[in-house]
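Fit chain B to the known structure of chain A by using the hints.
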Amino acid sequence: MIWLTWRQFRAQAITAAAALAVLAIVLLVTGIGLAHAYNDAGLPGCHGGGCAGAASLFIDEAKANIYHLVFYAGVFLVYAAPALIGVFWGAPLITREIEAGTFRLAWNQSVTRRRWLAVKLGLIGLAAIATSGLLSLMVGWWSSPIYAAAQQAAGSNSLSISRLDPPMFGAQGIVPMGYAAFAFALGVTLGALIRRTVPAMAATLAVFAGVQLAWADVIRQHLIAPVRSLTPLNVSAINELSITSNQTMTVVAAAKVKSTAWVLSNQTLTSAGKPFTGPPTNACISGTTQQCNAWLASKHLQQLVSYQPASRFWEFQWYETAIFLAVGLALAALCSWLIRSKRIA
Amino acid sequence: MAAALEADGLGKQYGRKWALADCTLTVPAGRVTGLVGPNGAGKTTLLNLATGMLAPTTGSIRVLGGVPGSGPAQLRKVGFVAQDTPTYAALSIADHLHFGAAANPGWDAGIASARIRALRLDPAQKAAKLSGGQRAQLALTMAIAKQPELLILDEPVASLDPLARREFLQALAETVAEQELSVVLSSHLVADIERVCDYLIVLVASRVRIAGEVTELLASHHLLTGPRSEEDSLPGDWEIIQASHVGRQTSLLVRAAGPVKKPGWAVDKVSLEDLVLGYMSQAAGGTTAGLLTGAAR
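Chains A and B, in that order, are what the protein sequence lines are. In this text, residue positions in the first sequence follow the working numbering: the first is 1, and each later residue adds one. In this text, residue positions in the second sequence follow the working numbering: the first is 1, and each later residue adds one.
Because the hints were derived from the structure by calculation, they are not lab data. Please note: incorrect hints may appear among the correct ones.
Claimed, not checked - From chain A, some residues computed to sit far from chain B (all C-beta separations above 12 Å):
hint: 1; residue: Gly210
hint: 2; residue: Ala255
hint: 3; residue: Val263
hint: 4; residue: Gly278
hint: 5; residue: Tyr319
hint: 6; residue: Thr321
Claimed, not checked - What follows is a set of in silico ranges between Cβ atoms, one per label pair, in the way DEER data are often shown:
hint: 7; chain 1: B; residue 1: Leu121; chain 2: A; residue 2: Ala21; range: 33 to 43 Å
hint: 8; chain 1: B; residue 1: Trp265; chain 2: A; residue 2: Arg340; range: 55 to 65 Å
hint: 9; chain 1: B; residue 1: Ala89; chain 2: A; residue 2: Leu213; range: 36 to 46 Å
hint: 10; chain 1: B; residue 1: Ser60; chain 2: A; residue 2: Tyr319; range: 41 to 51 Å
hint: 11; chain 1: B; residue 1: Ser70; chain 2: A; residue 2: Ile2; range: 21 to 31 Å
hint: 12; chain 1: A; residue 1: Ile14; chain 2: B; residue 2: Pro38; range: 42 to 52 Å
hint: 13; chain 1: B; residue 1: Thr57; chain 2: A; residue 2: Ala322; range: 35 to 45 Å
hint: 14; chain 1: A; residue 1: Ile14; chain 2: B; residue 2: Ser70; range: 36 to 46 Å
hint: 15; chain 1: B; residue 1: Leu189; chain 2: A; residue 2: Ala322; range: 51 to 61 Å
Backbone N, C-alpha and C define an ideal beta-carbon position, used for all residues, glycine too.
For reference, chain A alone in the conformation it holds in the complex:
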């Protein structure tokens, strides 16, 4: 079975390896330039406020350069790889055999179909994990000066690239391996259920994208209870103030957390701990900013910020990877049950 699996997967494996090799060359060529620029800016090993300016400058330069494009292309590819794996490796795995009728050939050798599936899922699943892991490693190496500079520039609020922020988090570290395992198993399972290649591919893409979005937007932040910081509102830090016609007023001040933190919510509360909704006085409706701020200061408002500190990056990475791997394994078990219970013939 190992031989057949390899023989049937060979072309796809070569395609993936070639794509990774081309990408490696592009990343190496541009990445060396980026690393030099980081060195030339005197940033390696630099700590403290003195580096913030240089780090900001470095990031601004990178943004104006081709590096900007490569950075986002890298993020995109790390996200796209698991989806492509699910669609092109996972979904057709069983449907292709059904459509060509070859499952009747494969499942009538002296190997049970359960073992046939186990070998396929195991080997191609490992290849999927390795591909995504390698891609994440390469892109991670390339982007490391940018993330490091973002950390060093943390003092200046003008920039914020949090490694925990939803669009960036999933493109780093080990989570792409979890996504790849999940996407692959999802593709195979939907193939076993739908039994036709193209609809199974479409369904895999839709479900995987949906899960990714829902996960990043809604679920991830609950994996670890966020830090809640309740502080007196600094009226001079207010950067949002709105008054509606029905006399409600909202006020938001800049969060007093590191710019590398992932801010989940930022609320202004009354001294009694209720959300502050006004009503506004004339000082804020027709007065100057100073008059309004003085009135707000007299109300002793509080600021409640709920956030995930950047130091939890690896904790989140491990949790999320483990969860996606576990769901992938559960799908593999479901698949094994689907083809063993002879629903396919």
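Below, chain B without anything else, positioned relative to chain A:
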């Protein structure tokens, strides 16, 4: 010796439709059994149940005494050439044989390569480039080299041209002669069955209409032609399978244990095709004129 295949009250339902219902039959071991019947009789469903590709909805089926597809040992005993003889288009003949060797402990590489040589096929050829006949031969080679105790073939020649059809059946007959092997072959064409089979089962609408050794069946069935008026005065131990009338003349397909003789009536040997058609049209409930006209040939 366990029967090659034993079905008891076997049924398979797809949604609300029964592809096979309440089928009870025995296929003896050590024979080349032809399973004939019209399209939709349930032949393919029966054979897919026999290989464990399908699970029965009702009843039971045992193949060589075991439950179909129940494990590696059972899989090893049964070779299957599925309908349309599927092969991997992107894989070469050599790849297929490599796969067979890797996936079957009983694989005989000598048989496989000898067959491919005898067929004058290039092992480097991709299956996609093979003709239908060559693909069928490759599928047969894989099933034979596995050295099964029972070889099941589902309409293996249905899509082949007459020459390829004959070559395939000849190859099958040679294999049967060389190896101790039970074979079940389904077809809706009697000519195919006649060439290789020594045991016949006629399956119509899930029911076995008749089963028996081909020579015995041919010896006990007769074709009689005589005046229509005398149709009612036939001996009681003759079973009329089919009657058809042309003008004042009647043609009868009769099953009788002893010799058949009746003054004024012509007695002819029956061909296997007429016999099968007779039972099929009996099942259809008609004494269809014209079906027996083949007898005139």
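Report task. Determine which of the earlier numbered hints do not hold for this structure and return their numbers in increasing order. Result -> Of the numbered hints given earlier, the structure breaks none, since each of them holds.
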